[in-house]
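Listed in order, the protein sequences are those of chains A and B. Quick note on numbering: my numbering labels position 122 of the first sequence as 122, and the sequence is numbered without any gaps. Quick note on numbering: my numbering labels position 378 of the second sequence as 378, and the sequence is numbered without any gaps.
Be a bit skeptical, because a hint or two may be false.
[Said to hold, decoys possible] What follows is a list of derived Cβ distance ranges for each label pair:
1. 336/B with 309/A: 57 to 65 Å
2. 7/B with 190/A: 21 to 29 Å
3. 308/A with 181/B: 40 to 48 Å
4. 22/B with 15/A: 35 to 43 Å
5. 382/A with 388/B: 45 to 53 Å
6. 385/B with 389/A: 36 to 44 Å
7. 141/B with 137/A: 19 to 27 Å
8. 184/B with 143/A: 55 to 63 Å
[Claimed, not checked] Which residues of chain A face chain B? A partial, calculated answer using Cβ under 7 Å:
9. 17
10. 53
11. 55
12. 79
13. 81
14. 125
15. 126
16. 198
17. 221
18. 222
19. 226
20. 326
21. 330
Because the hints were derived from the structure by calculation, they are not lab data. From the three backbone atoms N, C-alpha and C, an ideal C-beta is built for every residue, glycine too.
Number of protein chains: 2
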Amino acid sequence: MTVAERGFPTAEFRARLKAAQSRMEKAGLAALLLTTEPELRYFSGYLTRFWESPTRPWFLIVPAVGDPVAVIPAIGAALMGRTWITDIRTWRAPDLKDDGVTLLTDTLHQLVGPSGRIGLPMGHESHLRMPLADYARLARGLAPIQLVDDAGIMRALRMVKSAAEIEKIRKACGIADRAFARVPEIATEGVPLDQVFRRFQMLCLEEGADWVPYLAGASETGGYGDVISPATPDPLARGDVLMLDTGLIWDGYFCDFDRNFAVGESSPAIDAAHARLIEAVATAMQIAKPGIPAADLFHAMDRIVTGGAGGSDAGRLGHGLGMQLTEWPSLIPTDDTILQDGMVLTLEPCIETSSGRILVHEENIVIWAGGAEFLSTPSAPDIPILKDPA
Amino acid sequence: MTVAERGFPTAEFRARLKAAQSRMEKAGLAALLLTTEPELRYFSGYLTRFWESPTRPWFLIVPAVGDPVAVIPAIGAALMGRTWITDIRTWRAPDLKDDGVTLLTDTLHQLVGPSGRIGLPMGHESHLRMPLADYARLARGLAPIQLVDDAGIMRALRMVKSAAEIEKIRKACGIADRAFARVPEIATEGVPLDQVFRRFQMLCLEEGADWVPYLAGASETGGYGDVISPATPDPLARGDVLMLDTGLIWDGYFCDFDRNFAVGESSPAIDAAHARLIEAVATAMQIAKPGIPAADLFHAMDRIVTGGAGGSDAGRLGHGLGMQLTEWPSLIPTDDTILQDGMVLTLEPCIETSSGRILVHEENIVIWAGGAEFLSTPSAPDIPILKDPA
Numbered sequence: 001m002t003v004a005e006r007g008f009p010t011a012e013f014r015a016r017l018k019a020a021q022s023r024m025e026k027a028g029l030a031a032l033l034l035t036t037e038p039e040l041r042y043f044s045g046y047l048t049r050f051w052e053s054p055t056r057p058w059f060l061i062v063p064a065v066g067d068p069v070a071v072i073p074a075i076g077a078a079l080m081g082r083t084w085i086t087d088i089r090t091w092r093a094p095d096l097k098d099d100g101v102t103l104l105t106d107t108l109h110q111l112v113g114p115s116g117r118i119g120l121p122m123g124h125e126s127h128l129r130m131p132l133a134d135y136a137r138l139a140r141g142l143a144p145i146q147l148v149d150d151a152g153i154m155r156a157l158r159m160v161k162s163a164a165e166i167e168k169i170r171k172a173c174g175i176a177d178r179a180f181a182r183v184p185e186i187a188t189e190g191v192p193l194d195q196v197f198r199r200f201q202m203l204c205l206e207e208g209a210d211w212v213p214y215l216a217g218a219s220e221t222g223g224y225g226d227v228i229s230p231a232t233p234d235p236l237a238r239g240d241v242l243m244l245d246t247g248l249i250w251d252g253y254f255c256d257f258d259r260n261f262a263v264g265e266s267s268p269a270i271d272a273a274h275a276r277l278i279e280a281v282a283t284a285m286q287i288a289k290p291g292i293p294a295a296d297l298f299h300a301m302d303r304i305v306t307g308g309a310g311g312s313d314a315g316r317l318g319h320g321l322g323m324q325l326t327e328w329p330s331l332i333p334t335d336d337t338i339l340q341d342g343m344v345l346t347l348e349p350c351i352e353t354s355s356g357r358i359l360v361h362e363e364n365i366v367i368w369a370g371g372a373e374f375l376s377t378p379s380a381p382d383i384p385i386l387k388d389p390a
Numbered sequence: 001m002t003v004a005e006r007g008f009p010t011a012e013f014r015a016r017l018k019a020a021q022s023r024m025e026k027a028g029l030a031a032l033l034l035t036t037e038p039e040l041r042y043f044s045g046y047l048t049r050f051w052e053s054p055t056r057p058w059f060l061i062v063p064a065v066g067d068p069v070a071v072i073p074a075i076g077a078a079l080m081g082r083t084w085i086t087d088i089r090t091w092r093a094p095d096l097k098d099d100g101v102t103l104l105t106d107t108l109h110q111l112v113g114p115s116g117r118i119g120l121p122m123g124h125e126s127h128l129r130m131p132l133a134d135y136a137r138l139a140r141g142l143a144p145i146q147l148v149d150d151a152g153i154m155r156a157l158r159m160v161k162s163a164a165e166i167e168k169i170r171k172a173c174g175i176a177d178r179a180f181a182r183v184p185e186i187a188t189e190g191v192p193l194d195q196v197f198r199r200f201q202m203l204c205l206e207e208g209a210d211w212v213p214y215l216a217g218a219s220e221t222g223g224y225g226d227v228i229s230p231a232t233p234d235p236l237a238r239g240d241v242l243m244l245d246t247g248l249i250w251d252g253y254f255c256d257f258d259r260n261f262a263v264g265e266s267s268p269a270i271d272a273a274h275a276r277l278i279e280a281v282a283t284a285m286q287i288a289k290p291g292i293p294a295a296d297l298f299h300a301m302d303r304i305v306t307g308g309a310g311g312s313d314a315g316r317l318g319h320g321l322g323m324q325l326t327e328w329p330s331l332i333p334t335d336d337t338i339l340q341d342g343m344v345l346t347l348e349p350c351i352e353t354s355s356g357r358i359l360v361h362e363e364n365i366v367i368w369a370g371g372a373e374f375l376s377t378p379s380a381p382d383i384p385i386l387k388d389p390a
């Protein structure tokens, strides 16, 4: 196991580019046109929180031959200039009349030739990060060049992580492990849940997170109603189950897992539900290896948490993980994606404790040729109990 | 001035709906179809950090008559059920074959009639948060109903804030004010910049931020190269200018402003540049009122920071602010948006200190009928000096 370092060597970007171009040749694509944060970062290493501003579009072109070309707002030129990308074309954005569209159109004409096909991610879990009106204008300006689906190339590439990517996710998981271990410092009966949320994010930062894009959770009796709600100011009550689910970032890579705690005391029903969730994870781990479909992990866990009823409204029992909080594949009955060496997944079984009440547990794993390894430190069957305030 | 409270009364959502429907009638739109986080939240109050997961699409329909209809993944039903929205239609997502498209198509057919026009935000600073392939399928399923531009309705509505929205932004600004006042606790010569970033985010949380989606900055001699970079591990050096620019959230609303600090000592050039930035802000404040174009604020500041050269590569000297870190309008020469009572803006002058080195200062303001008011506590002309470590 290597030690995680910031950034990637240029060789890693060259390997990604080569793999993309090999697939592009098979798919008959003259270029990929990319618009979202993880897509640009995957090929360039361009890492900034400035994507939080929705104002400006950003473009990266991966041609069938040659290095990627960045077509970006001038405000990003200095930072992009510190990546391995050398062909950086800029305009002064925002431009209300022509926000990069002419520059992008001209660049694509130059790179693609008169009748190529340009691939964009158009499938599940993708979106286009530019105004629809500008996309229509781009399509008109490119004709007869066609904008088509990327044939799943971005998905296929990003779904399998490199050793360096896995070390970054491992590092993020370690940070969250340490923060979760310190939850007893900040959460006891009577503390408002929103204060727990603030303090937990502070723990994540203190333990080394670059930032904390995601935190959800709840504290309710006998389980919670959902797993995506923001905090309320309600104080933790004795007998509650407190759940915290975090996606924190280290060097641009996420962890995504949760932990459950019993406030003051547990109950036989909660003890049993928590132990069942841990059992579900352990069962999935036994079969997780290259060559099986993602759906098999779903069924292995679903048999334990529902008796094989086919899951819950949450819709899946885990998913891919990497530059985004959630990525392909999905652990659902219909996802037949074959697991490969280097895939990073969450196992996220959900159990109903009573009508409308659930418990969810989540771990992060990596698939190796020889089997699966935990990236998060797996929880024991016993739910941790947060002691009464002194 | 009212005290900021969480959420909004239903009357506020009804007023937004009424204003939208009035504009829709004029524009001949049978419905609005919305897909992004702020668009859904604007009409529903649906607030969750779960949007960090790109997997699932979410839809809100604002019909020409009647209340909004949510078409969302089942995982969000419980939380949406706690808003004022009552017509909530769900599917179990992710569904690899039909991720809500049929449900959305059927719902739109039902609401819109056989030949209406449905508006989506397609213009500047907008995007569509659903896969392009599903959008194409939706368009085919709706024909002869057309998907058209929303005629700028979302932009026009969101650009003017209600009193309750302004109080939330004010609260966010106050939290950042207090965090910036404590920077001397965490930043002195020798502290690595990435540690300053972590500690500053902790201060924001300790002072009351719900979360901290945005932080950028730099610490360099004589000014910095850009304003969007993540932290390096380089230690702060005597004579550096440290800049921290944060967008933190309180109850779903952002502040967005920065502060500059001299590490250990300043220089006459930095002193002068900082004072010039403060002067630029003060000059813009004198003219900021309803009825003038946004471009006038640009020119007022540009005359002071460049002598009227027309700005820099950053492209603008301020922007709108609200549910997103950056919103319309832009303070650029070509934005002739007329300022209105209730608009919240940033004033963000940028000055070049030497070739490739800049200083940027930023404040947040609200436009009232009688003039402008600072929401951030405005900085003094003197740059604060971070004392040497004890």
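Hint by hint, here is what the structure shows:
no.: 1; hint: 336/B with 309/A: 57 to 65 Å; in the structure: holds, 60 Å
no.: 2; hint: 7/B with 190/A: 21 to 29 Å; in the structure: holds, 24 Å
no.: 3; hint: 308/A with 181/B: 40 to 48 Å; in the structure: violated, 58 Å
no.: 4; hint: 22/B with 15/A: 35 to 43 Å; in the structure: violated, 56 Å
no.: 5; hint: 382/A with 388/B: 45 to 53 Å; in the structure: holds, 51 Å
no.: 6; hint: 385/B with 389/A: 36 to 44 Å; in the structure: holds, 42 Å
no.: 7; hint: 141/B with 137/A: 19 to 27 Å; in the structure: holds, 25 Å
no.: 8; hint: 184/B with 143/A: 55 to 63 Å; in the structure: holds, 59 Å
no.: 9; hint: 17; in the structure: violated, 23 Å
no.: 10; hint: 53; in the structure: holds, 4 Å
no.: 11; hint: 55; in the structure: holds, 5 Å
no.: 12; hint: 79; in the structure: holds, 5 Å
no.: 13; hint: 81; in the structure: violated, 9 Å
no.: 14; hint: 125; in the structure: holds, 5 Å
no.: 15; hint: 126; in the structure: holds, 5 Å
no.: 16; hint: 198; in the structure: holds, 5 Å
no.: 17; hint: 221; in the structure: violated, 16 Å
no.: 18; hint: 222; in the structure: violated, 15 Å
no.: 19; hint: 226; in the structure: holds, 4 Å
no.: 20; hint: 326; in the structure: holds, 4 Å
no.: 21; hint: 330; in the structure: holds, 5 Å
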